[in-house]
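Novice: So you can see what is in the structure, the chains are spelled out below.
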Amino acid sequence: MVYRDRDGRRKIVITGLKFGNIYVAVQPKRGCTGTGCDGGVCKVLHDPECPPTHHYLATYKYFREIGDVIVHVGTHGTLEFLPGKNVGLSGRCYPDILIGDIPHIYIYNSDNPPEGTVARRRSYSTLIDHMQALMVDAFPQELETLSKYVEEYLKEMDPSRRHQLEHLILEEVKRTDIKGLSERVREMEERGTLHQGFREIFEDIRNV
Amino acid sequence: MKRYIEDVLSGRDIEDKGLKEKILEIDRRIEDSREIERVLRAFDGRYIEPGPSGLITRGEGGYTTYR
Numbered sequence: 084m085v086y087r088d089r090d091g092r093r094k095i096v097i098t099g100l101k102f103g104n105i106y107v108a109v110q111p112k113r114g115c116t117g118t119g120c121d122g123g124v125c126k127v128l129h130d131p132e133c134p135p136t137h138h139y140l141a142t143y144k145y146f147r148e149i150g151d152v153i154v155h156v157g158t159h160g161t162l163e164f165l166p167g168k169n170v171g172l173s174g175r176c177y178p179d180i181l182i183g184d185i186p187h188i189y190i191y192n193s194d195n196p197p198e199g200t201v202a203r204r205r206s207y208s209t210l211i212d213h214m215q216a217l218m219v220d221a222f223p224q225e226l227e228t229l230s231k232y233v234e235e236y237l238k239e240m241d242p243s244r245r246h247q248l249e250h251l252i253l254e255e256v257k258r259t260d261i262k263g264l265s266e267r268v269r270e271m272e273e274r275g276t277l278h279q280g281f282r283e284i285f286e287d288i289r290n291v
Numbered sequence: 396m397k398r399y400i401e402d403v404l405s406g407r408d409i410e411d412k413g414l415k416e417k418i419l420e421i422d423r424r425i426e427d428s429r430e431i432e433r434v435l436r437a438f439d440g441r442y443i444e445p446g447p448s449g450l451i452t453r454g455e456g457g458y459t460t461y462r
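Residue numbers (our numbering), protein chains in the order written: chain A, 84 to 291; chain B, 396 to 462.
No lab work stands behind these hints, which were simulated from the structure alone. By construction, the Cβ of each residue, glycine as well, lies at the ideal position given by its N, Cα and C atoms. Incorrect hints may have been included.
[As the list claims (entries may be wrong)] With the C-beta cut set under 7 Å, the calculated list includes, among others, these residues of chain B facing chain A: (1) 430; (2) 433; (3) 434; (4) 437; (5) 443; (6) 448; (7) 449; (8) 450; (9) 451; (10) 462.
[Stated by the list, open to error] Using C-beta positions, here's what the derived DEER-type ranges look like: (11) B:426 x A:247: 51 to 59 Å; (12) B:426 x A:114: 36 to 44 Å; (13) B:432 x A:91: 21 to 29 Å; (14) A:106 x B:406: 40 to 48 Å; (15) B:428 x A:106: 21 to 29 Å; (16) B:431 x A:128: 25 to 33 Å; (17) B:421 x A:145: 53 to 61 Å; (18) A:152 x B:424: 21 to 29 Å; (19) A:279 x B:428: 28 to 36 Å; (20) A:144 x B:398: 42 to 50 Å.
Model the full structure from these sequences, guided by the hints.
Specialist: This is the structure in structure tokens:
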């Protein structure tokens, strides 16, 4: 997140998109190993000692300088959990350093009052409650068996079981007509090209 | 349950009056959301009144968002 411009000056990159006079950005990373994630690094999120990165500090400094207000959208960011005192923060506590005196609005889950209170006390925010996300089972029941076979197929090493699973998967594709593929499977059956064509069908159903 | 909700919300009657009341009440709380309006109000530096927290689908206390 640091680069050197044409004149050799070192600069920090602040990511985001501008929409008129609104600047939209993802909260900077507190610590993250990306695809190499093993859960260890994000423990730093609640670490009471570990300071935020230079990039994190620079991002909020930039927002304070260009903006009239900061709006955090969504619940449980990282800013209000940065090191410092629990209440009555001083100028040496990180949330205070970062948010400074810019007005701070926080759109927060109305069902999380304890951590909402932390956001209010430690980052001087005004909370606007948002509704909870509703959880529904979005997975169609009739694809349950197919899904199980596919999962097993991805792990299975034994050639004879793999062979068997290819048949079972194609049977399920026929039965459920997922993505309208049943006709193609029937044609493959008639031509006796089931196993040659399997890979293609398999990729197709996995890219729903 | 889905049938009951559909019936109540499209104005039809269902047998269970208690359930009907509850469906209408939760629907009112969902429809009552004014988050955007309140964010704009906060932009103007105006007061955001406090209110009870909790799940919109739980409790008797008229939980609403946007506060």
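Novice: So the hint says 36 to 44 Å: do the beta-carbon atoms of residue 426 (chain B) and residue 114 (chain A) match that?
Specialist: Holds: the Cβ-Cβ distance is about 41 Å, inside 36 to 44 Å.
Novice: Falls inside 28 to 36 Å, the C-beta gap from residue 279 (chain A) to residue 428 (chain B)?
Specialist: violated (54 Å)
Novice: Grab the minimum C-beta distance from residue 448 (chain B) to chain A and call the hint holds if it beats 7 Å, violated otherwise.
Specialist: At 4 Å from the nearest chain A Cβ, residue 448 (chain B) passes the 7 Å test, so the hint holds.
Novice: Regarding the hint that residue 443 (chain B) lies at the interface with chain A, is the smallest CB-CB distance below 7 Å?
Specialist: Holds, because the Cβ-Cβ distance from residue 443 (chain B) to chain A comes to roughly 5 Å (cut-off 7 Å).
Novice: Quick check: does the Cβ-Cβ distance between residue 426 (chain B) and residue 247 (chain A) fall within 51 to 59 Å?
Specialist: holds (53 Å)
Novice: Once the shortest beta carbon distance from residue 451 (chain B) to chain A is found, is it less than 7 Å?
Specialist: holds (6 Å)
Novice: So, as I understand it, the hint says residue 462 (chain B) touches chain A; can you test that by seeing if any CB pair is closer than 7 Å?
Specialist: holds (6 Å)
Novice: Mind checking the CB of residue 434 (chain B) against every CB in chain A and telling me if the closest is under 7 Å?
Specialist: Constraint on residue 434 (chain B) satisfied, holds at 6 Å.
Novice: Given a hinted range of 53 to 61 Å, is it respected by the beta-carbon distance of residue 421 (chain B) and residue 145 (chain A)?
Specialist: Hint violated: Cβ distance 42 Å, outside 53 to 61 Å.
Novice: Holds or violated: the 21 to 29 Å window for the beta-carbon distance between residue 152 (chain A) and residue 424 (chain B)?
Specialist: The hint (21 to 29 Å, Cβ to Cβ) holds, given that residue 152 (chain A) and residue 424 (chain B) are roughly 28 Å apart.
Novice: Regarding the hint that residue 430 (chain B) lies at the interface with chain A, is the smallest CB-CB distance below 7 Å?
Specialist: holds (6 Å)
Novice: Okay, residue 428 (chain B) versus residue 106 (chain A) on CB: inside 21 to 29 Å?
Specialist: The hint (21 to 29 Å, Cβ to Cβ) holds, given that residue 428 (chain B) and residue 106 (chain A) are roughly 25 Å apart.
Of the numbered hints listed earlier, those contradicted by the structure are 13, 17, 19 and 20.
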